[in-house]
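Student: Work out the full structure, taking the sequences as your base and the hints as a guide.
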Amino acid sequence: MSTDADSNPQESQFQNIGDLVERNDETGVMSVESLCMNCHENGTTRILLLRVPFFKDIVVDSFYCEHCNFANNTVKPAGPISPLGLKYTLDVQNPNDLQRQVIRSDAATFKLDTLGIEMPKGGEISNVEGMIQRMHESLSSEQPLRKEQAPELHDALEPIIAKLKAILDREFFPFTITLDDPTGNSWIAPNPSDKTNYRRVEYPRTHEQNEELGITADHTEQAVANAVDTENPMDSDIVDGQVYTLPAECPSCTRPVALHIKKVSIPYFKDVLIMASSCAPEDGGCSYKQNEVKVGGEIPEKGRRITLRVENEVDLNRDVLKSGTCALHSEELELYLGASSISSRFTTVEGLLTDMRKQLHGNLYDLGSGGGDSMEKSDKEKWDRFFDRLDQAINGELKFTITLEDPLANSYVQDLCSPAKDPQLNIEDYERTDEENEELGLNDMKTEGYEEDAKAENEEKA
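For the sequence shown, UniProt numbering gives the first residue as 1, with consecutive numbering after it.
These are computed hints drawn from the structure, not numbers from a lab.
Source: prediction; values computed, not measured.
Among the hints, a few may not be true.
Using 27 Å as the maximum straight-line C-alpha spacing, the simulated DSSO-like pairs for lysine-lysine come out as follows [to be verified]:
#: 1; residue 1: K87; residue 2: K76
#: 2; residue 1: K111; residue 2: K121
#: 3; residue 1: K195; residue 2: K382
#: 4; residue 1: K289; residue 2: K302
#: 5; residue 1: K163; residue 2: K111
#: 6; residue 1: K195; residue 2: K455
#: 7; residue 1: K358; residue 2: K87
#: 8; residue 1: K195; residue 2: K87
#: 9; residue 1: K262; residue 2: K289
#: 10; residue 1: K121; residue 2: K165
#: 11; residue 1: K270; residue 2: K87
Tutor: Okay, structure coming up:
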């Protein structure tokens, strides 16, 4: 088939970093005369359209005013706002993690959680070390002035600045950073060896976040979307197999959508709710689709660990319910995915692996040749080996073991021998750790005696 459509001028304007570095003549930088907001004279803005490996197309612009020497640099995404927000969490454990690339959009918040500090919003492209360096410079540069005008604040910041300096000197590990972007256009580079130290969470934006980004739908439509039909309360109980429809809001463009809910009873497990919504393009929507599975019932006393030996196509076709609190790992596939890395879903073993491959491969390679060509050779070899083994597993060419670990015991793998024991399936219950209970909000949950506490609180207010 002709390749004319694949080489359109719009795509060619975005350059791979590797190609840009190799050229020493024309870099494609555009210069535009623009107003300086500091002295109101004319300065120069230089704009570069860049394709970042395993991320997206971005616009890098740099402003300089020769009259007052004011300078500013920003990074903006060249694509649309993503349907979901993104939050990255990285436990920086060694000096190599300091070199991970960081792309921050104007709407993103960068935090150093270990020290409880965050940077002001602003777009930039850097690495973890560069972000820490900016934090250190920003705080330390004003310390002489603070010592004169606000000595208490000066003294409070001294230990924080000292720890930032220790991080830059490679003397303070580990520490945790987060990058939270409601537009979904920020990024922290992954590593093939990542396990629980790297977490990527997609989340639906709130109505307030959509308003801040300027993508809120009309308030009349919003009211209609949030209205609940209570005229026919006949179906007060949800019936198995029946599809229920509720008004909802598209998390991407905030248009009214229909949320379809169906209750399914899984043999030898629990009742689950399968929910799906689609923002139809024929109705002016954004084509965003969302599927989710919710498991009901009480919180069990123990978590559950399910281990399956996959040996043939029959095992690949086993039903799997992966809840939102379930982590997956497989030694043979060199795979570890945290609970938040992939959303809840009801599928098969093959479907689960295919979804994981699609998400991981899309984050790393789906930018033409940019991802593969610009990647470090050692990292590229690791990722290629990982995807080769994953492809073999999906195609039934590789035997492997996969483990689902769910602290709420809300995940499930089909047992082909019930009620007899399945020789390839092992299920064990385990005691949750204090960290898991804290993350799930169970440590502060009170299920007995709360009526007396509420009564005493009301009496105090009275």
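Student: Does the structure keep K358 and K87 at a Cα separation of 27 Å or less?
Tutor: holds (19 Å)
Student: Quickly compare the C-alpha distance for K195 and K382 to 27 Å and report which way the hint goes.
Tutor: Holds, because 15 Å separates the two Cα atoms, which is no more than 27 Å.
Student: Does K87 sit within 27 Å of K270, going by the straight-line distance between their CA atoms?
Tutor: violated (31 Å)
Student: Starting from K195, check that the Cα of K87 is at most 27 Å away, please.
Tutor: With a Cα-Cα distance of about 16 Å, the restraint between K195 and K87 holds, given a limit of 27 Å.
Student: Would you mind confirming whether the straight-line C-alpha gap from K111 to K121 stays at or under 27 Å?
Tutor: Holds, because 11 Å separates the two Cα atoms, which is no more than 27 Å.
Student: Is the straight-line distance between the alpha-carbon of K195 and that of K455 27 Å or less?
Tutor: Between K195 and K455 the Cα gap is close to 46 Å, so the pair fails against 27 Å, i.e. violated.
Student: Take the C-alpha atoms of K121 and K165, compute the straight-line distance between them, and say whether it is at most 27 Å.
Tutor: Satisfied, since the Cα-Cα distance of roughly 22 Å is no more than 27 Å.
Student: Would the hint linking K289 and K302 be met if the CA-CA limit is 27 Å?
Tutor: Status violated; Cα separation ~34 Å.
Student: Given the hint that K87 pairs with K76, does the C-alpha gap stay at or below 27 Å?
Tutor: holds (18 Å)
Student: If you draw a straight line from the CA of K262 to the CA of K289, is it 27 Å or shorter?
Tutor: holds (16 Å)
Student: Would the hint linking K163 and K111 be met if the CA-CA limit is 27 Å?
Tutor: holds (15 Å)
Figure legend: structure checked against the earlier numbered hints; hints not met, in rising order: 4, 6 and 11.
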